[in-house]
Amino acid sequence: MVRQPYLKKGTWSRDEDQKLIAYIVRYGIWNWNEMPKHAGLQRSGKSSRLRWMNYLRPNIRRGNFTREEEETIIRLQKILGNRWSAIAARLPQRTDNDIKNYWNTRLKKRVISENKNSTAATTSTTETNSSMVENSSDTDSSLMLTNILLDSPVSTIDDLLEPPAYSCFSPSGSNLVAVDDKYSMGTDNNLVSCWETQSYLEQPQMIEGLDWEAVLPNSELSHSHHQQNYVPLDDFWFNPLI
DNA sequence: AATAAGGCCAACCGCATATGT
DNA sequence: GACATATGCGGTTGGCCTTAT
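Residues in the first sequence are numbered from 26 upward in steps of one, following the numbering used here.
Incorrect hints may have been included.
With a cut-off of at most 25 Å between alpha-carbon atoms, the simulated SDA-like pairs for lysine to any residue come out as follows [as the list claims (entries may be wrong)]:
| id | residue 1 | residue 2 |
| --- | --- | --- |
| 1 | Lys141 | Arg87 |
| 2 | Lys34 | Lys62 |
| 3 | Lys141 | Lys62 |
| 4 | Lys71 | Glu94 |
| 5 | Lys125 | Trp57 |
| 6 | Lys125 | Glu94 |
| 7 | Lys125 | Glu96 |
| 8 | Lys134 | Arg82 |
| 9 | Lys103 | Arg131 |
| 10 | Lys103 | Ser69 |
| 11 | Lys62 | Leu32 |
| 12 | Lys141 | Asn107 |
| 13 | Lys71 | Tyr52 |
| 14 | Lys133 | Asn122 |
| 15 | Lys34 | Ile99 |
| 16 | Lys33 | Ala64 |
| 17 | Lys34 | Gly53 |
| 18 | Lys71 | Glu96 |
| 19 | Lys133 | Glu93 |
| 20 | Lys134 | Asn79 |
| 21 | Lys33 | Tyr52 |
| 22 | Lys134 | Gly88 |
| 23 | Lys33 | Asp121 |
| 24 | Lys103 | Leu132 |
| 25 | Lys133 | Ser143 |
| 26 | Lys44 | Ser69 |
Have a look at the derived ranges for each label pair, beta carbon to beta carbon [to be verified]:
| id | residue 1 | residue 2 | range |
| --- | --- | --- | --- |
| 27 | Asn140 | Glu93 | 15 to 25 Å |
| 28 | Lys34 | Thr130 | 22 to 32 Å |
| 29 | Ile137 | Tyr52 | 42 to 52 Å |
Because the hints were derived from the structure by calculation, they are not lab data.
In this text, a Cβ means the ideal position worked out from N, Cα and C, and glycines have one as well.
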């Protein structure tokens with residue numbers, strides 16, 4: 026019987042983050058199950074992937090959802106339900122986990138209370154709208170509703186699930202690269218796609234001399250609680266020369 | 001000052017789906 | 001087509017922090 030190597034769980038340390046970033050920057054993403062071993066991590070591929078996707082990958086915005094983002098989440102949740110990845114695809118800098126957490130801890134309560142408050146007041150308006158929807162097929166009506174809510178035409182429900190052309194900044198911070206990727210490709214591939222358009226081999230040098238103390242999420246800077254505006258890697262990805 | 005309660009969020013778990021053989 | 005493996009997704013949990021008492 027093959028003994029499973031010890032796999033660490035729980036919060037990621039700064040050192041682990043550093044190892045994972047350094048490895049991905051150098052070798053890219055190729056196999057989540059194998060990568061952690063080669064990166065010197067005692068973590069499962071699943072845990073590593075999650076850490077990367079939700080926290081370490083470039084171009085992630087954290088905390089402080091704007092009013093517009095809140096409205097978008099509320100609208101899309103109404104239309105799509107708890108399809109967080111589909112919702113996140115419409116908010117490219119947000120992770121599905123972040124959106125899910127934000128919804129569960131704040132927006133859901135707000136929506137429920139607003140619905141309670143507005144139920145009595147909007148009965149007549151709602152009746153008008155619902156009769157409009159009822160007169161068409163289910164698909165048509167939901168699309169109509171979608172168009173109204175999103176202020177942009179959606180011809181099919183697939184259009185809604187299809188994210189806008191994915192765009193990202195190259196690690197060098199010099200070029201904005203638009204990548205027209207299929208949602209099913211996943212963000213892992215998007216990342217590689219973005220980097221491939223750059224001089225990918227330059228990446229290893231880029232991280233040398235990087236001030237990890239300032240960059241990594243577990244640094245003292247980011248540890249001061251509720252420093253939600255601080256985006257751990259933005260400085261690095263957007264302007265590595267800072 | 002102590003501690004209980006609640007909020008928040010990172011991370012885990014289990015299941016579904018995609019991909020490779 | 002069947003099976004194995006990898007990846008993606010959403011629900012849930014555990015622990016830290018803040019606030020109230």
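Against the structure, the hints:
no., hint, result
1, Lys141 - Arg87, "violated (30 Å)"
2, Lys34 - Lys62, "holds (15 Å)"
3, Lys141 - Lys62, "violated (52 Å)"
4, Lys71 - Glu94, "violated (28 Å)"
5, Lys125 - Trp57, "holds (23 Å)"
6, Lys125 - Glu94, "holds (13 Å)"
7, Lys125 - Glu96, "holds (14 Å)"
8, Lys134 - Arg82, "violated (30 Å)"
9, Lys103 - Arg131, "holds (15 Å)"
10, Lys103 - Ser69, "violated (35 Å)"
11, Lys62 - Leu32, "holds (10 Å)"
12, Lys141 - Asn107, "holds (21 Å)"
13, Lys71 - Tyr52, "holds (18 Å)"
14, Lys133 - Asn122, "holds (15 Å)"
15, Lys34 - Ile99, "violated (33 Å)"
16, Lys33 - Ala64, "holds (14 Å)"
17, Lys34 - Gly53, "holds (23 Å)"
18, Lys71 - Glu96, "violated (31 Å)"
19, Lys133 - Glu93, "holds (16 Å)"
20, Lys134 - Asn79, "holds (24 Å)"
21, Lys33 - Tyr52, "holds (23 Å)"
22, Lys134 - Gly88, "holds (18 Å)"
23, Lys33 - Asp121, "holds (24 Å)"
24, Lys103 - Leu132, "holds (12 Å)"
25, Lys133 - Ser143, "holds (15 Å)"
26, Lys44 - Ser69, "holds (14 Å)"
27, Asn140 - Glu93: 15 to 25 Å, "holds (21 Å)"
28, Lys34 - Thr130: 22 to 32 Å, "holds (23 Å)"
29, Ile137 - Tyr52: 42 to 52 Å, "holds (46 Å)"
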